[in-house]
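Enquirer: Here is how the chains run, residue by residue.
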Amino acid sequence: MKLIGQYRVPFAAKGGGHTMNPHFSSTNGVHISMTRFQKIVYHESNQTVDVGAGLVWNDVYERLDPYNVTVVGGRFFGVGVAGLVLGGGYSWKSNQYGLSIDNVYEYEVQIIALHLSKFKNDLF
Amino acid sequence: MSPNGTIVYVNNRTYADIFFGLKGGLNNFGVVTNFNMRAVPQTQVFGGTLYYNAIELDAINRALVNFQSNNNDPKAQLMAVYVIQSTQMNFVLIACYDAPQEPAGIFDEFLNIPHFGSLEIQPYYSLANKTRGLADDGRRYIVVIR
Numbered sequence: 001m002k003l004i005g006q007y008r009v010p011f012a013a014k015g016g017g018h019t020m021n022p023h024f025s026s027t028n029g030v031h032i033s034m035t036r037f038q039k040i041v042y043h044e045s046n047q048t049v050d051v052g053a054g055l056v057w058n059d060v061y062e063r064l065d066p067y068n069v070t071v072v073g074g075r076f077f078g079v080g081v082a083g084l085v086l087g088g089g090y091s092w093k094s095n096q097y098g099l100s101i102d103n104v105y106e107y108e109v110q111i112i113a114l115h116l117s118k119f120k121n122d123l124f
Numbered sequence: 125m126s127p128n129g130t131i132v133y134v135n136n137r138t139y140a141d142i143f144f145g146l147k148g149g150l151n152n153f154g155v156v157t158n159f160n161m162r163a164v165p166q167t168q169v170f171g172g173t174l175y176y177n178a179i180e181l182d183a184i185n186r187a188l189v190n191f192q193s194n195n196n197d198p199k200a201q202l203m204a205v206y207v208i209q210s211t212q213m214n215f216v217l218i219a220c221y222d223a224p225q226e227p228a229g230i231f232d233e234f235l236n237i238p239h240f241g242s243l244e245i246q247p248y249y250s251l252a253n254k255t256r257g258l259a260d261d262g263r264r265y266i267v268v269i270r
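Protein sequences appear in the order of chains A and B.
Numbering follows this note's numbering, with no gaps: position 72 of the first sequence is 72.
Going from the second sequence to this note's numbering is simple: count from 1 and add 124.
In isolation and in its complexed conformation, chain A is listed as follows:
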C-alpha cells in the first residue's frame, strides 16, 4: 500500500473474482489477491460473524451451517464476499434483513486515508 501511494499506480483488490466487468477485480497496475483471507469466526456471545475478504459465499454458508446461523450475503455459487458486500449485496434474506451492506458492524481496513474530509472535494 505504501508503494502504491508513493508511485501512484492503479491497483485492484480481487475477492472472489466473480464479476467480469473490466476494472472491478482487474487492473493494469498492482493486482492484490485476497485469497488467503479465509477466516470465519462465529461469535455466539454477540451474535456476529467475522468473514474474511477472500471467501466465496457458498463456503461461508457451509462453514456456518453447523451453528444454525448465516450472514446476509450472495445468492450464487462462486460469488466473492468482498465485492458483493462492499458494493451492495442482494441476498435470499434481503426481504427480511436488508442488503449485505446493512448488516456489517465493522470493517478491518488497510487504510488509504483516515479522514474522509480529505476526499470531500472529490466525492461531494
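Please keep in mind that the hints were generated in silico from the structure rather than gathered at the bench.
Just to be clear, a hint being listed does not mean it is correct.
In silico SDA-like links for lysine to any residue, alpha-carbon gap of 20 Å or less [said to hold, decoys possible]:
hint	chain 1	residue 1	chain 2	residue 2
1	B	Lys147	A	Phe24
2	A	Lys39	A	Tyr67
3	B	Lys147	A	Gly88
4	A	Lys2	B	Thr130
5	B	Lys199	A	Phe24
6	A	Lys39	A	Glu62
7	A	Lys2	B	Gly129
8	B	Lys147	A	Asn95
9	B	Lys199	B	Ile245
10	A	Lys39	A	Pro66
As the structure is a computational prediction, the values presented were derived from the model and not from experiment.
Since the structure of chain A is already known, use the hints to place chain B on it.
Expert: Okay, now just chain B, sitting in the frame of chain A:
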C-alpha cells in the same frame, strides 16, 4: 492523501465517515480484509432451480407478474434469469423459501408450467452450491440441464 499501510477497525463510532463511505465504497478507501457481520438464524430452506423451454415464456412472464403483485411473505424470493443461447432464449428460475417447509401455493404457478428440475428442502449452502452449473470456473451463466 497518502497510503500509510495502517490497519484500522472502522465502525460507526471509530470512523463514522469511512464507515458510511464503505457502504458501497468498494476499494476506494483502502483494502478491506475482514467484515464483522450480523449473524442471523438459518434453518434448512425449500428451494432449487427450475429450467424452462422458450415456448413457455408467456406463461412464465404472467407467473412472475403475479408473484411480484401478490406475494407478501418475505421468506419467499425468486431470481429470474433469461438466458440467450445462440438464437434461442430459455428461462431459469431459482426459488428460495427461507423455512424448512414447502409454502402453500406461493410457487405453484411456476411448478404447473412444464420444466426440468425440482424444489426441495435442503441446507442453505446447498441451494447456493446447486447454481454451480450456471457459473462454473471459467464460464458464466451457461445453463447445464442435468
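Enquirer: Please write out, lowest number first, the hints stated earlier that are contradicted by the structure.
Expert: 5
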